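Undergrad: The lines below spell out each chain.
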Amino acid sequence: MPLLEARNISIRIPTEDGILHAARNVSFTVEAGSLFGIAGESGSGKSVLTQAIMGLLPGVEIEGECLFEGRDLLKMTPAELRALRGARIGMVFQDPLSSLHPYYTIGRQITEVIHAHEKVSNTEARARAAEMLEKVGIKDAAARLDDYPHQFSGGMRQRVMIAMALVLRPSLIIADEPTTALDVTVQAQIVALLDEMRRELGITVIMITHDLGLMASVADKVMIMYGGTRLEIGPAKGLFAAPAHPYTFGLLRASPAAARQGTELYSIPGRPPSLLARPKACIFAPRCAQVQPICQIEAPPNRAYACGTEALCHFEARIDRADTAPAQPARKPPTDRLLSVQDVALTYTMSSGFGAKRQLDVLKGITLEVARGETLGLVGESGCGKSTLARVIAGLVPATRGKVDFDGIDVGALTPKAWRDMRRRVQLVFQDPFGSLNPRRRVGAIIGEPFRIHGLAKGEARKNEVRRLMELVGLNPEHYNRFPSEFSGGQRQRIGIARALALNPDLVIFDEPVSALDVSIQAQILNLMQELQQKLGLTYLFISHDLSVVRHMCDRIAVMNAGRIIEMDATEQIFQHPQQDYTRTLLDASHVPPVPVQAQPRELLRLEQGAA
Amino acid sequence: MSEAQLDAPKVVQRSSANLTFRRLMRDPASLLAAVFILALVAFAIGAPWFAGWTGHDAIEQYRDTGLSPVGLPVGPNHEFLLGADQLGRDVLVRIAYGARISLAVGVAAALAASFIGVTIGMTAGYFGGWIDTVLGRLMDLVMSVPFLLCALALVSVFGPSLWLSICVIVFFSWTTIGRVIRAETASLARRDFVQASRSLGAGNLSIMLRDILPNLSVPIIIYTTMMIPNSIVFEATLSFLGLGIVPPTPSWGGMLAEAGANSIYLVAWWLVLFPGLALLGSTLAFNILGDGLRDALDPKGRRVKRRRKPAKPVTEG
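Here the protein sequences line up with chains A and B, keeping their order.
Be aware that the first sequence starts at 1, since it is given in this note's numbering, and climbs by one per residue.
Be aware that the second sequence starts at 1, since it is given in this note's numbering, and climbs by one per residue.
It is possible that some hints are incorrect.
To be verified - No more than 25 angstroms apart at the CA atoms, straight line, and that leaves these computed lysine to any residue pairs for SDA-like:
1. A:K458 to B:S206
2. A:K417 to B:G201
3. A:K463 to B:N215
4. A:K417 to B:N215
Quick caveat, the hints were computed from the structure, so don't treat them as lab data.
Fair warning: this is a prediction, and the values are worked out from it, not measured in the lab.
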């Protein structure tokens, strides 16, 4: 008997703009002891689905049935559900920094879970908490029970969260993006821990993630969601190797790992659907590469195959080798030097009232060179100083020591006027497409801002320039008068790129430009960046933590750790023959989704109409 | 599935002004407050009309009709709708003219105070460092000055006047909004879009006016609205103590003071009740409207009520 069986779950959330169809007719079964993965882009309804089942979303309308150990979760009273949560079903959330209470010791927070469900003495509860902490890999657990959350690192905190979820030995753990907020190396450890706990304690895990590589490495069975609809479900191995739905297929192909360096990435055109308006036909049809007339008219049937995979589609996904983009001509070798950074260091001095001043070395002597027309990747975990280095190179933060030389100009020793002129030559594109655009200004004004600041184009001429830039980055120039909130994440990143390109810079620094975007959108933006580089002869400094993206985009890679560049070499050299241990750890920790291949013809078991 | 359910509803993209208006309309309390304020404004503007209609001037004393033979004021009757005061003046007409003073002082003082508060708060928050320290301590200093003592001292030096009371009110009320704006600016100044503007070469003034100020519109609107009733009460307090509007110019605080001065309110309740109600009603209305605006303008606080009738199932079968 499956541990969890959801049948035809539909979730509607009433909002001011109308009713949000967060899930429609989603069914799945989770076998005891397995690791069940739910994958999908943001807004696909994957988190809402699990939270609604657990009764954590009051105010939503939910239908269907969801049997857990034979009882329907959706028919339970809030009190029954409360008794179940924590005791039988544990939950691990995305952000370990905000899901632990900063005022209480972790021991108290874990024992609170025990006391809430069982009558035990405090000593016994503490002993059990310590035992569980030891199990999740926290050394000297008994002594650390009285530590506060801020005394643990992010990865350790996620371990504490897992211990808290496991301490009552539930039969099911729901982990909602458990590794998204963590660094790559820590991600690998946490996923390994979840997998180990599942084998050791016989716990079933439902893991929600947007990271297909991670999912492919651990999951037994995977469900792919899109726009609140289950598009495909099946055993992980078969599903990733030979997807039966064009969407899954497109997602895997869109990963930078699936394309050769320098070639155009396969991308899914368009943007995720609005959950407010449910199309009558296939929800993926507007973006589907294999769309047929029938897809626009009729709701697709659920196709169940003999291999265990089920896909909601009129057809079986085909692989067209022909549509693979031809390899572009190799870039001409970089010629002259554009940027040279020599022994740059940055030290923050923190004065703490009456105490002695403390010094914090963020950058400890960085030396690097970038040639005109090349792309240099800067890789490292959070806190290694890569973003700070970008700001020093852009001249936004003065370096404490060392020299940044940009095309013969010393960036550190500029007059205010020369500094302003320098802005036209070096530009930054920020990570967060939501935070880097002023929410209260129109897109036309945002992209036209550089012209205004530097007094370059006025009135109609500026408007035309803005239109040209919008066209260049693939935005509709008619959307000139819209506010940033009316655009999706990918479109906002295009606006940010258009703004950076307005003044024809020589060097563009991308600070994690795609890490906030979904895979299908990420491919579009990466393609745009490559296209622009070729068209305009730009030099890129590309900062990222995602190794497959860096590998796809960059000519050379610099690996940073703790304020130093520990290794710098041509991309393939780094990936094939890493010299440093740290680089090797980074490479090992990154999960790359498998590249899908054409499967042998499947046997169709049955067709279920009206499943959507 | 039936046809009607399959047809996707049209998604309406609403502008933020439109959304704010819709949310405000859904809140009966703020709607009532807004209607009351509009009526109050009409009442104040129409004060001369009331004077003409009743045939009573605001400061003229009608000793024959407004006072009883023993010299006591007459209560509400067909000639004096809200009664007459101890000097035989029409309370209705005086309240109408008093509304002009109250609204003028309230709005002018609130606008001036929010202008000063926003300027100083933004400067402190944006530049930080020693500028922040100096301006922050200045705000602390102003907050620690006792309001009434200071007002008494100033009036005894300069003599009471309308301008002096506005100045005193402004001086004591800009700090609240100043602090709020300082904190907001400090957090906005660290946002990426400000960094982006800086990296494009924008100057400080341009960043403050073009990038930060528009994002402060919500707190500015809310706090300015909330400051109006405070200023009205301040003005009434000053007038009550004889430090504000000079008699015989009517003002609500002054009317209350006169009613209390010779215990006339013991026989003439209307002298306290009507000016008191006007004061209470207008401060309450502005406060409720301010609260309503805060809810309506806050994009995070989108409360959505559950629909009363259960939804139809999406699928049959």
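Undergrad: State for each hint whether it applies.
TA: Hints and how they fare:
{"no.": "1", "hint": "A:K458 to B:S206", "in the structure": "holds (17 angstroms)"}
{"no.": "2", "hint": "A:K417 to B:G201", "in the structure": "holds (10 angstroms)"}
{"no.": "3", "hint": "A:K463 to B:N215", "in the structure": "holds (24 angstroms)"}
{"no.": "4", "hint": "A:K417 to B:N215", "in the structure": "violated (28 angstroms)"}
In this structure, the one hint that does not hold is number 4.
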